[in-house]
Structure formats: C-alpha cells, structure tokens
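Keeping their order, the protein sequence lines are chains E and X. Mapping the first sequence onto numbering that gives the first Met the number 0, position 11 (from 1) lands on 10, and the numbers just tick up by one. Mapping the second sequence onto numbering that gives the first Met the number 0, position 117 (from 1) lands on 116, and the numbers just tick up by one.
These are calculated hints, taken from the structure and not from any lab test. Fair warning: there could be bad hints in the mix.
Any copy, or any two copies together, can satisfy a pair, since identical chains are not distinguished.
The calculated PhoX-like cross-link candidates involving lysine-lysine, where the alpha carbons are at most 25 Å apart (straight line), are [to be verified]:
| hint | residue 1 | residue 2 |
| --- | --- | --- |
| 1 | Lys101 | Lys80 |
| 2 | Lys80 | Lys36 |
| 3 | Lys140 | Lys23 |
| 4 | Lys36 | Lys101 |
| 5 | Lys186 | Lys23 |
What follows is the residue order along each chain.
There are 2 protein chains.
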Amino acid sequence: MLELEQKILRDGEILPGYILKVGKFLNQQVDTDLLKKMVGETERLFGGESITKVLTVEASGIAFATAVAMRLGVPMVFAKKHRSANVSGEQYTAPVYSYTHKTSYEIAVTSSYINENDRVLITDDFLANGNALKGLISIVKQAGACLVGCCIEIEKGFQGGGDELRAAGVRVESLAIIDEMTDSALKFRE
Amino acid sequence: MLELEQKILRDGEILPGYILKVGKFLNQQVDTDLLKKMVGETERLFGGESITKVLTVEASGIAFATAVAMRLGVPMVFAKKHRSANVSGEQYTAPVYSYTHKTSYEIAVTSSYINENDRVLITDDFLANGNALKGLISIVKQAGACLVGCCIEIEKGFQGGGDELRAAGVRVESLAIIDEMTDSALKFRE
Numbered sequence: 000m001l002e003l004e005q006k007i008l009r010d011g012e013i014l015p016g017y018i019l020k021v022g023k024f025l026n027q028q029v030d031t032d033l034l035k036k037m038v039g040e041t042e043r044l045f046g047g048e049s050i051t052k053v054l055t056v057e058a059s060g061i062a063f064a065t066a067v068a069m070r071l072g073v074p075m076v077f078a079k080k081h082r083s084a085n086v087s088g089e090q091y092t093a094p095v096y097s098y099t100h101k102t103s104y105e106i107a108v109t110s111s112y113i114n115e116n117d118r119v120l121i122t123d124d125f126l127a128n129g130n131a132l133k134g135l136i137s138i139v140k141q142a143g144a145c146l147v148g149c150c151i152e153i154e155k156g157f158q159g160g161g162d163e164l165r166a167a168g169v170r171v172e173s174l175a176i177i178d179e180m181t182d183s184a185l186k187f188r189e
Numbered sequence: 000m001l002e003l004e005q006k007i008l009r010d011g012e013i014l015p016g017y018i019l020k021v022g023k024f025l026n027q028q029v030d031t032d033l034l035k036k037m038v039g040e041t042e043r044l045f046g047g048e049s050i051t052k053v054l055t056v057e058a059s060g061i062a063f064a065t066a067v068a069m070r071l072g073v074p075m076v077f078a079k080k081h082r083s084a085n086v087s088g089e090q091y092t093a094p095v096y097s098y099t100h101k102t103s104y105e106i107a108v109t110s111s112y113i114n115e116n117d118r119v120l121i122t123d124d125f126l127a128n129g130n131a132l133k134g135l136i137s138i139v140k141q142a143g144a145c146l147v148g149c150c151i152e153i154e155k156g157f158q159g160g161g162d163e164l165r166a167a168g169v170r171v172e173s174l175a176i177i178d179e180m181t182d183s184a185l186k187f188r189e
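With the hints as extra help, turn the sequences into a complete structure.
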C-alpha cells in the first residue's frame, strides 16, 4: 500500500537491531487518517470472507484490530500477554518468544470469546519472525474456529515469518512488506 | 448511557473485591456496535471542543480511544506502562498505583507526541480511584497542553476518583457511573 510505504519512509526511524520505530504514526501515536485507509485496504482484501471475529494481541495490535472490526461490523478480541487477575475462567494459551524483547511470554484468550462457529481474521501491527502470529493461530485452532487469514500492517519480509506461514498454506496479507533493511535504507517488496 | 447500563447488567460479572468484569463486551472482547454508540455519545459531549489529540493508557483503553480519535479525526496516543526498548528519546512519565493489581507502575509517553498547542481529551475504559487518570493528567500538564476533559466508559462512582477530579475542576464525563455495588447487584447514578 503505497501511502503506508511513503509514510514509513518519511516518518519511520531505524534503530540498531533491525528495529523499525513507527511510534509516531502507527503504534504509540496512531495517525487515524492513515488508519482509515489501511482499514479500507483490509476490507478490500477480506471483506468478502464472512468474518465473524477479529483477533489480535495487546497492546499495539489493538488500534488496527478495533478499526478493522468496526468496519466489518464484528467483535474484536485481543489476547493478553500475561494471565491477569481480571481474566477468570477457561482460557486458550500459547507461548510466544519475542526477539525484540529477548524474552518468552504467554498469550491468553478467554475461551468463550472464540468458538467453532467463528471465521477469524487475525490482525497485527508487525510481522517479523511470526512467533506472535503462530501463537494466535494456535489459539484459533484450539477454539476449533476457521482461520480466514492474517492481515498485518508492516511485515519485515527479510525475517521470514510471513513467507514461512504462506508456505504452510496460511493466507497472510501485509499492507507493507520490507524486504531489505540497513541502518539508513529500506526496500519494499513489489 | 442507558444502552451501556443495560449491557453491564446483562453481560457484566461481579468478582470479589469490587471487580466488575466486562471482558465479554468492553475490554478483551469489544462489541463494536456498542462501541460505535459510545463513540457517538462521546462526540455529542466533546465534539465541539476542538480536540487535537485523544490520550489513553495501554492496553484496555486503546480500543475506545482509537474509535473516538477516528470519529474526531485526530491522532490517538497511548501511554505505555513500562519503559520499552522500542521507545527512544525524551518521555513524559508519571507513577500510577493500581488497586486492581496491588502494584505501582510508571506510564510514559514520548514527549514529541503531545505539545503545548494540543487540546487533549483523555479517555479510558474504567475510572475507579482515579490514579491512572491522574497520571495521564500529569503528562498533559508536563507537555504544557490544554486538558479539555476526560471521557470514561465505566466509572465506579463509589470509589470516589471521578468526583474528586470533578471537585478539582476537571471535566469528567462517564458513560455509565456505578454508585453502589454488592456481590450481586449494581446501582447506577441518575
């Protein structure tokens, strides 16, 4: 999506360790005009798929997932990153290793929020090694629901997680895919 | 807001320690039809205030804040609960004590995301003792921005935080205010 790529080039910041900081418009601060356009593109890609739930993981995935779910007219569900005192009852859980934070954590969704009648679209802000997505996909499978696909705002294609999932048959659509990244330059996939 | 009150009575769950669990429709799972109506009410209350930013705190505040910011056509900013490896540069910070989790944490916003020209609406899902709101208000003040007011989805009126802030001159609007809560019943403010 050209407008997102242009925004990344203009306002993104490359930090050591292949970290792309997009807090100015996509995470900690969200440009809602751009968000509306990304939601429009997501609707174009998945609007015909009879989706019943949008699933993401806290915290930076919630803005995009909420906006997509509002557009599709379905509930948004987010996985929590730690078991919380406020989450009672049965949960689906999956372990996730974060390369950014060099630590493992568990994601959890109250099991009554997804069931075998759901057609689930997973969304997230970033896809790199794909570990968070694999955790969310595991939760969809545990629930016996149908995984329609995954829609990601920014994929770091050079880290391989997206293509690995595509090779495994998962529909993964990313609004921008970065195939090369140096300290000062980015190259997007055609 | 009658529809929210009815939803709380129908789908909310009271847990020990005056915890009202609304994960089924307001936090971990978000009913986006209800969310749209809450956004409409927020626009009615604050739409004429020339707001330039909506500020909240991760994670469960992000859905409501995103939806309000999209409607008002302004950016959404969320405070992070811990300093993150991905947040670089100057930050405004404030300490917050959580009664729910019995622990203190720090909230932080990259300082370039709010400035002295901003008219800020703070939103959150819950208001109880008001500690999270006070932290967010502190960040707005540190930035030299104008605090227009606070819009909360559910206020636990009996815990006093909202009325304390109102007495201090802050405009606090809550879409539902619970004034009494027992193990089995709720009473809303007129």
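Evaluation of the provided hints:
1. Lys101 - Lys80: both (15 Å within a copy, 18 Å between copies)
2. Lys80 - Lys36: Neither: 28 Å inside a copy, 29 Å across copies.
3. Lys140 - Lys23: Classified as between: cross-chain Cα gap 20 Å, same-chain 34 Å, threshold 25 Å.
4. Lys36 - Lys101: The answer is neither: 33 Å in one copy and 41 Å across copies each exceed 25 Å.
5. Lys186 - Lys23: within (20 Å within a copy, 42 Å between copies)
In this structure, the earlier hints numbered 2, 4 are contradicted, and the remaining ones agree with it.
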